[in-house]
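Asks: Could you put the whole structure together from the sequences, leaning on the hints where they help?
Here are the chains, one letter per residue:
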Amino acid sequence: MPQFFLNKRLILLLVSIIILVALIGFSLKDRQHLTWPEKFVKDAVVFVQSLVHQPAQLVAGFFENVNDLRNTYEENKRLKARLEKYVLLETEVQSLKKENEQLRELLDKKESLRDFVAIQATVIGRNPDRWQEMLIVNKGEQHGVKKDMAVITPRGLVGKVRSVSPFSSNVQLLSALDRKNRISAFVQGKENVFGLIEGYDAEREALLLKRIPYDAKIKKGQNVLTSGLGGIFPKGLVIGKVMDVVPDEYGLTQIVYVKPAANFYDIDDVIIVKRKIDELQEEEEKR
Amino acid sequence: MKKFFLPFLVTMVFLFESVFVELFSEKWFQSYLFVPRFLLVVLVFVTIFVGQTDGMMYGFLFGFLYDIVYTEILGVYAFIFTIVAYLTAKAMKIFHTNSFTASFLALTAIVFVEFYVYGIQLIVGGTTMTFSAFLNDRLFPTVFVHTILVLLFAYPLKQKLLQWTAYRREN
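Taken in order, these protein sequences are the chains called A and B. When we follow my numbering, the leftmost residue of the first sequence carries the number 1, and every step to the right adds one. When we follow my numbering, the leftmost residue of the second sequence carries the number 1, and every step to the right adds one.
No lab work stands behind these hints: they were computed from the structure. Be careful, since some hints might not be right.
Computed cross-link-like contacts, BS3-like style, restricted to lysine-lysine with a CA-CA straight-line distance of at most 27 Å [unchecked claim]:
1. A/147 with A/276
2. B/3 with A/8
3. A/147 with A/97
4. A/190 with A/97
5. A/8 with B/158
6. A/147 with A/29
Replies: Here it is, written out as structure tokens:
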């Protein structure tokens, strides 16, 4: 036995395993902020990476453009057909917006969960180990980004901010597995049905919308949007479309499979979204 | 300038992994998860052709960077990259030093690291992937692509590293 402990390398290995477990435990607990050395290292690496990223993006962009050119004719035809519908929709939206504003003024209700401030950001990297789908973007605390803010692309919601450092932040995609990652959402219809987005089915490539009442009637193709009731996300961000509805394992509630509107794999630019209502409250607190 | 060749190379490979996944993460890579482990391959080569201490040092340093910047679970890669460098140095006592054994060891290291990280993710609750899915969708494509890449790059990489070692010894 004493010989066993005299082996220096073995002791070193044991000590490093203990440190490893301690570090993993430390980084897994629900951290609100990163420690300052982490922030510093991260910003330094992200700065260098953004330099490398640009030429790489150019090269990749060239091949993408060539690919796009091949489909131009087909696409043009389809788009022209859609354009006419779009004009109609546009006028309708305009009049509805105006009406909404007038009604709000009548009620004297100025702020809404829908309003948000957008922070544009560029994706400069992705987690290469691919267990947790994460993006690295080039905006951070200095630009007003905070933990847990919603992240969208023009097509829809993609994820939320997982951690921030002064000049960069990590975005966790909706497809990442995280039990803490819950989003309050609703299915749009005559009567809105509310539930929680909990988890992602990698095989069917669908988000799971759970806690739907068993008697709610939901059809394929209905839109799923954020409800804004979770406290951080604004209302009305597009998540996706209903793919399938199944009863859950106990039959008390239903699970809706939601096909995400945004593409999780081809993301170049994102918009980080901050609710206006929170901003107003912050200002009031400062006073 | 030549003095900084090795640190520069390792840094570039480290950054390129992330950029690579971001730019080439299209549909094709979705059903087959290809995980870039270029850094690991370079680390194994450095350990063999430059030296054990260099390998372990770079392994620890860049493993820790990997943890902080990309995965946000501290210690996982810093630990395994150092261990891999150490084990590679031990294994080289049995093998002859040439680019084929180096490639073989690099591929073994990839398999080893993939299993280790899968184990950690299972314990931590970061994944629900089944073992067969892990083998078929993740491990085999990764090893397959790396085999091709390593066969292409093993010889030039070895020459460059040997040159650099010779240069360092002179000065």
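Asks: It remains to establish, for every hint, whether it holds in the given structure.
Replies: Here is how each hint holds up against the structure:
1. Straight-line distance between C-alpha atoms of residue 147 of chain A and residue 276 of chain A comes to about 16 Å, which keeps the hinted pair within the 27 Å bound.
2. Of the pairs offered as hints, the one joining residue 3 of chain B and residue 8 of chain A is violated, with about 34 Å between alpha carbons and a cut-off of 27 Å exceeded.
3. A threshold of 27 Å between alpha carbons decides the hint, and for residue 147 of chain A with residue 97 of chain A the separation of about 31 Å lies outside it, so the pair is violated.
4. Between residue 190 of chain A and residue 97 of chain A the CA atoms are separated by roughly 20 Å; this keeps the pair inside 27 Å, and the hint holds.
5. Distance check on the hinted pair: residue 8 of chain A and residue 158 of chain B sit about 33 Å apart at the alpha-carbon level, beyond 27 Å; violated.
6. As the CA atoms of residue 147 of chain A and residue 29 of chain A are separated by approximately 15 Å, the hinted pair is consistent with the 27 Å bound.
Comparing the model with each numbered hint stated earlier shows that hints 2, 3 and 5 do not hold.
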